[in-house]
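Following the hints, put chain E in place on chain B, whose structure we already have.
Protein chains: 2
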Amino acid sequence: MYPESFARLINYLKHLPGVGEKSAQRYAFALLAEDEDYLKAFGETLEKIKEDIAPCPNCGFISQKGHCPICDDVMRDHESIMVVSYDQDVIAMEKTNTYHGLYHVLHGVISSSKGVYPEDLNIESLLNRLDSTKEIIIAISPTIDGETTALYLDKLLKRHDVLVTRIAHGLPMGASLDYADELTLIQALRNRKKMED
Amino acid sequence: MYPESFARLINYLKHLPGVGEKSAQRYAFALLAEDEDYLKAFGETLEKIKEDIAPCPNCGFISQKGHCPICDDVMRDHESIMVVSYDQDVIAMEKTNTYHGLYHVLHGVISSSKGVYPEDLNIESLLNRLDSTKEIIIAISPTIDGETTALYLDKLLKRHDVLVTRIAHGLPMGASLDYADELTLIQALRNRKKMED
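Residue numbers (my numbering), protein chains in the order written: chain B, 2 to 198; chain E, 2 to 198.
For the record, the hints were derived by calculation from the structure and aren't laboratory data. Please note: incorrect hints may appear among the correct ones.
Identical copies look the same in the list; a pair holds intra-copy or inter-copy alike.
[Stated by the list, open to error] In silico EDC-like cross-links for lysine to aspartate or glutamate, where the CA-CA straight-line distance does not exceed 16 Å:
1. Lys-96 x Glu-22
2. Lys-51 x Glu-37
3. Lys-51 x Asp-38
4. Lys-49 x Asp-36
5. Lys-23 x Glu-95
6. Lys-51 x Glu-35
7. Lys-159 x Glu-136
8. Lys-135 x Asp-155
9. Lys-96 x Glu-120
10. Lys-135 x Asp-53
11. Lys-51 x Asp-36
Here the structure is a predicted model, which is why all the values come from computation and not from measurement.
Isolated chain B, as found in the complex (with noise of 0.2 Å):
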């Protein structure tokens, strides 16, 4: 019944994750409204969004042109490496501004219910930067299959020489105990440290 440049477009959003018809249709219509600039400047960045960006060959973290701007950056510790799962991850990060290392992003983690397997995700390139590295940080969202690749990665980097640490779990700032999980609870208990007066 939709025009059919119009019902194209639908189409298009709705390959968004978690858009189904009704957001599909929503955005379409909010995108008819915005004027002929936007509409232009948006579907040319569309276009060659594929272009010039591609993983960063040394950390995989999504840049333009081979130019990484953590990997380049001179003032960084290169002796450090967080490692993370997504991109999104570095992001999160970075706006802490508390980190002032390297990163390495594996795409992914380990999940034998998806078919993903350590040779799927990129750790064979961060067993090539550890000859220059004192301390990989290990900051894997700790689910079940964060889990299983952190300790893998723990295993495989012990048989080299680097200090292997791990981000803290416990209760989130801010969080009300009796709201936590058991899980949660119990990672924060073992993990108690000493008040600092």
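Here is chain E on its own, set in the frame of chain B:
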């Protein structure tokens, strides 16, 4: 931190209704994983979407180069017009395969709080269609603004020689009575009908 074109893509996606930073990032990564052909076709559709799409001058429904699939359909009942708020409502009603008349899309509802007045809606052109019309069915969502709009239209159309009806309000099919809100129950009771044998 993201490559410039990728950050731009995220910003464009944030224009979509209800899409914040996180969803926009998720969509952008999903788009990056699509193949070139899809991105090219999607981009081209976006750029040209406004070129050939406009509201039908007769009923206001979204249509291509002035050809409205509904107004142009000689098999439909041209003596009845269903008044709806949005294009999507036409699609929802068409899916029922029950109504075979014409439509009139207002493109909104009267809302004093949002500053939407009758002259901002596609109402004037409705009056020009009354000569050949026997019944006007008002099918506007029963919200506060929707009720205002329905009452306004009813008052306006009463001056003309046309039957004005309204779709029924009551308990939705499959709904459980004790979860229904009071206004719906009041409407459902008021609109009760004799059981058919």
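* When the hints from earlier in the document are held up against this structure, which numbers fail? -> Hints 9 and 10 contradicted; others consistent.
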